[in-house]
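Enquirer: Take these sequences, add in the hints, and give me the full structure.
Residue numbers (the numbering used here), protein chains in the order written: chain A, 1 to 313; chain B, 314 to 585.
It is possible that part of the hints are untrue.
What the hints assert, rightly or not - Interface residues of chain A toward chain B, partial, derived using beta-carbon atoms under 8 angstroms: (1) L113; (2) R116; (3) T126; (4) G256.
These are computed hints drawn from the structure, not numbers from a lab. All residues carry an ideal CB built from backbone N, CA and C; glycine is no exception.
Each chain, written out:
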Amino acid sequence: MTTLMSPPTVRRPRRPAAGPAGRRSRLAVSRALLWPALATSIVLTQIPFVVTIYYSLQRWNMLRPGDRGFTGLDNYASVLRDGSFLSSLGSTVAVTGSSVVLSTLLGLLFAVLLDRSFVGRGVARTLMITPFLVMPAAAALVWKWSILDAATGMANWGLGLVGLPPVAWNTEVPIVTIILVLTWQYTPFAMLILLAGLQAQNKDVLEAAAVDGAGAFRTFTAITLPHLRQYVEIAVLLASIMLLQVFDPIAIMTRGTGGTKTLSYLLYERAFVGLEVGEAAAYGVMTVLVTIVVASVALRTLFKVFSREGIDR
Amino acid sequence: MTTSRLRGGLVTALTWVLVLGFFFPVAWMVFTAFKPESQAATVPPTFVPDLTLDRFQAVFDRDMLPYLINSLSASVGSTLLVLVLAVPAAYALSIRPVGNVRDALFFFISTRFMPVAASIIPVYLLLQSVGGLDNITWLTILYVGVNLPIAVWMMRSFLAEVPREIIEAAQIDGARLGTEIFRVVLPIVLPGVAAAGLICFIFAWNEFFLANLLTAQVARTTPPFLTSFVDGRGQFLAVLSAAATVAIVPVVLAGWIAQKQLVRGLAMGAIK
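Expert: Now the structure itself:
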């Protein structure tokens, strides 16, 4: 900004793309390239968020349009007093947390397995990324009715083969069905990021370790895992942020029953079934706050775990 | 030597078992789509069914085509718009840095992390008041908002890899901005553009929340339409599997074919 404001300096013969004037015109061009995207983004996401904050300070149910007015923080007070927010927060943390941890661990396993060279590695990788490409609505429907159905599902048939009793997945443990689907869809995502990390490893260091007589396991824990740390962080962070907003499998498989009413589903219910605009807006603002908190906590916890394990650099 | 070979073979076998296990739900879905309804949900599962295309016929008899077309226009339309906006912006952010690059980048990345919950209520009320519900153009525009930050972020990473010397050489030659972008830079980052475009296409094609909420009949896209195949009165697993197969084929095939770009795009968008 200051460069734009500063008075023009003494004129000197201009060379192309140099000197204050050249820089200024370059800046102008850059701004012209940037502002359409910036403006679109602001109009489509930031302004609505500001409006959401405004709505959250209002008493407003769509069924009673006459009774609308400013209520200050009343909506937040009733959101916090109402038990459904806290239980929903719990469900969100449970669903997101377990899916993220499971898919990162499985992603790490698959990344290590698919980093080796073996016959058909390309095909194996192609098959592995497929769950991430599958439309989440299709995945939810197929898992619910084809894999986890209590009577005809493949999961119970598989359990029966090894002599285990069937489980009524969709009615008894709805939260497990959601976590299963999400883990299935996000494991490839974690795997791709971790695989990129493995491939970015310095091969010389690994060879040196082998020369020094370090075994595969020791090499993995002492060299590979610390190297992968930042990739694990990224995988966990991105998956957490995406899964915090997850909606599709909950709407399709459980409709919020059995401890699966996450914040995004609760907001949907309040706003578009209950028509409570003000209160739902307060839920929206709270969801954003939770997302910010989780994103930063997820990162910090990860740092701590790594340094406690003593595998920090 | 032989024991290490044996161990290698075992690890490979284990890898394949796990990979095929992971892929199984997709394979089973496609397989079920080719079964007659009476053999789709049986105990024990039918492994040697009378293969038939009858359920695909049933899917299109239920008029799936308009929904696929809606999905296609929203995905392609939003992806093109996103690229038109994102490539110049990313160019400004990486090759011709603007004053506050960090701020602008932080803005885009934080937008990407903003849950839909933050904006959906005003958006819904606005569309309702202007008659924009059940309208594919509005859905397309909203998808632009969702995908734009991702595309900017990815394109910036790809553009940052373009050797500076090439651009400086073009600038010293006195190349105009248009030439600089279209003749010099774009050919180098074309795979990156393809990767970003593919990822935006996938997200838009698979999107459920906005489509479910903001469309009803005319502009309904495939993901919410799929749920209508669940039928409380009778057997539906084969027809549902056939519809789901049709719905996932475009993205899965595109992802398989452009796997390299996809992986690079995700890695770029995520890591750099």
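Enquirer: Checking against the hints above, which ones are violated?
Expert: 4
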